[in-house]
Structures are given as C-alpha cells and as structure tokens.
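J.: Could you build all of it, start to finish, from the sequences and the hints given here?
Numbering (the working numbering), first residue to last: 1450 to 1797.
Calculated directly from the structure, the hints in this document are not laboratory data.
Keep in mind that the hints are not guaranteed to be accurate.
What the hints assert, rightly or not - When the alpha-carbon atoms are kept at most 20 Å apart in a straight line, the in silico SDA-like pairs for lysine to any residue are as follows:
id, residue 1, residue 2
1, Lys1652, Gly1730
2, Lys1652, Leu1525
3, Lys1620, Arg1640
4, Lys1628, Phe1610
5, Lys1476, Leu1464
6, Lys1652, Arg1735
7, Lys1652, Ser1497
8, Lys1476, Leu1605
9, Lys1476, Lys1620
Predicted model, so just to flag it, every value in this text is computed and none were measured.
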Amino acid sequence: MFMIGLRQTTYLLALVIMIGWLLHIGKPVLLPVIIAMIALYILGNVTSRLGEVPVIGLLPAIVRRVLVLVSFTVLLVLISAYVVETFSQVATVLPRYESNLDELVLRAANAFDVVDQPNWETIRAATIDRFSITPYIGPFLLSLRGLGGTLFLVVLYAGFFMAERTGMAAKLALAIGDKTKEDRTLDLLDRINTRVGDYLAVKTTVNIIVGGLSFVVLVAFGIDFALFWAILIGLLNYIPYIGSMIGVLFPILLGLAQFGSFTLSAALAVSLTVVQLFVAGFLEPRMMSRAFNLSPFVVLFALAFWSALWGLPGAVLAVPLTASMIIMLAEIETTRPVAILLSASGKV
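T.: Here it is in structure tokens:
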C-alpha cells in the first residue's frame, strides 16, 4: 500500500511540475488566450445586460455581441495609445521631478543636520546622484510594442470565442448523444458561466469605480498623468492585499517628486486610502451578491504561483483565475468539498 501511495504521489508531483513548466514556456501563447476567456465572460455579461436596455434590447443578440466586441476593441486601442503617449511625456518632465527630489532630500538632510557632516558628499555621490530613471524610459517604451501584439491577439481570440459560443450547445449535444446527460451538462455549464460572469463583471465594475474615484482625487490634487494612474490603480485592484497598496503608492511618490512636499503627499495618501477603504469595506461587499471569500493562504499561494510563472500579468490574473476555478468546483457535486476547503468561511 505504501509503495502504491508513493508511486501515485510521485506521478502527481511529476504532473504538477510538467504543467508548471508548460505554463511557463507557453506564456506567449497561453496568456492572450486566458485574458480573452476572462474578457469573454465580462463581454457576455455586458451583452446580456444590454438586452434589458429599452432600445438596444430590441437588437438581435448577434448585433449586440458585435457592438460590445467593437467597443472593447476601441477601448483597448485607446488605452494602449494613451499609455504609450504618457510614457513619452514622462521623459520630458523627469528632469523637473529629479530636481524636486534633490531639493526635498537636501531639506530633509538640513532638518537632521547631516549636510555639514564630512561624509555627506560621499554618501550623496554613492546614493542619490547615482539614481536616475531617464535611461529606463526608452527600453520600456520598446517593450510596450509586445503589449500591443498581446492585445491584438486578445481581441482576435475574444472575437472567435464569441462566435463559437453560439454553436457550442449543438456541438455538445452531438458529442454527448444522450438527452438526459446533455440537459444536465448544459445546466451545469450555464450555472458556472453565470456565476463566473457575474463575479468578473462585478469585480471589473468595482475596479472601474475605484479608478474613477481615484481619478477625481488625483485631478483635485493636480497630479500629472492622473488618468494613467487611475487606470493603473483600477487594474492593480485585481491583486488582493498588495495590489491596491502598490497602486496608491505610485501616485503618492509622483506627488512627492512633482511638488517636493511631504505635507501634500501625506494628504494625497490619506485621500486615496479613504477611497480604497470605502470601496473594499463598503461598496464591494454590497455589490457581490455571493461572496467568493478565498482563503488567505490560497490567495497568497495563487499570487506567488502565477507571479512566478507570468510576472505582473500573472499577479493580476491570479485571483480571477482562482475564484473562477473555485466557482466551477463548487457547482460540481463531487468537487464541492474541495471548493469549501479553499474558501475562507466555507461559503461557496
């Protein structure tokens, strides 16, 4: 018995390592597919909601799908163009930011009375004077070309997925060949698609709201590139625990570099934190009809796993992928205990 258990464990471990290796080397191919699948759930939910709008709801479903897909494509193109343009503008204001930071460091050094110390110039030459962001702007702009190719594939795959979705029921019926099993399978898939679509749609709506509120705060404080930072905050809000903190940290540091004022940066930090607490503590729990409260260990493991495989895109996709997987496990009777174990409170 021990040998059988050891053999099965070895096979399982080898399978996990093989899958992880395939996911790692298959990132250029799999990443656009997975993003397109997640986008498909959101776009499908939007298409269904448009069916409830008085005038647009009269349009055929295929027309509504095309409208949603075209809008999605235009939105991605506009965001990509804006990101590239923003980083092009950053190169022109970097000297002013670096000058403000130098003045800020000098004021702090004077406050602590270290400027007159004999080793101050040596410390400054070894630390502050060596720090410069300008050399990294060019390579980063070049790397954005790869992002454009990924987004093109996402739109392409999403379009084909939406087209294939209409004929999936007929193909499934032919594949199963039994009316009872077919009805049960279609019902299961419908429940999974509904719950995953609702979760992703609500989470995306929450992130849009937090990005919009953050944009208002950033504009009120006069922060440069406010729209870019608002988009980044909304995107990073997919990452639990650390995502919102990282998203808020960037504009705070920018405010420090832009104005050279600790007081203004502190006020900005408080304002953005209030927005995050309002959305995470009040708005999101009320918008989620059924909470998918993942276990903290599962969340951290998912973040570590997908970040190690795919970097920042993996970190952003980690929780949506894990939550979607648990929803699917919860809807299947034989795997429901696994979903309960992976949740924080047993509610799935």
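J.: Next step is simple, just say for each hint if it's right about the structure.
T.: Evaluation of the provided hints:
{"no.": "1", "hint": "Lys1652 - Gly1730", "in the structure": "holds, 14 Å"}
{"no.": "2", "hint": "Lys1652 - Leu1525", "in the structure": "holds, 18 Å"}
{"no.": "3", "hint": "Lys1620 - Arg1640", "in the structure": "holds, 19 Å"}
{"no.": "4", "hint": "Lys1628 - Phe1610", "in the structure": "violated, 25 Å"}
{"no.": "5", "hint": "Lys1476 - Leu1464", "in the structure": "holds, 18 Å"}
{"no.": "6", "hint": "Lys1652 - Arg1735", "in the structure": "holds, 12 Å"}
{"no.": "7", "hint": "Lys1652 - Ser1497", "in the structure": "holds, 17 Å"}
{"no.": "8", "hint": "Lys1476 - Leu1605", "in the structure": "holds, 17 Å"}
{"no.": "9", "hint": "Lys1476 - Lys1620", "in the structure": "violated, 29 Å"}
Of the hints listed earlier, those the structure fails to meet are numbers 4, 9, in rising order.
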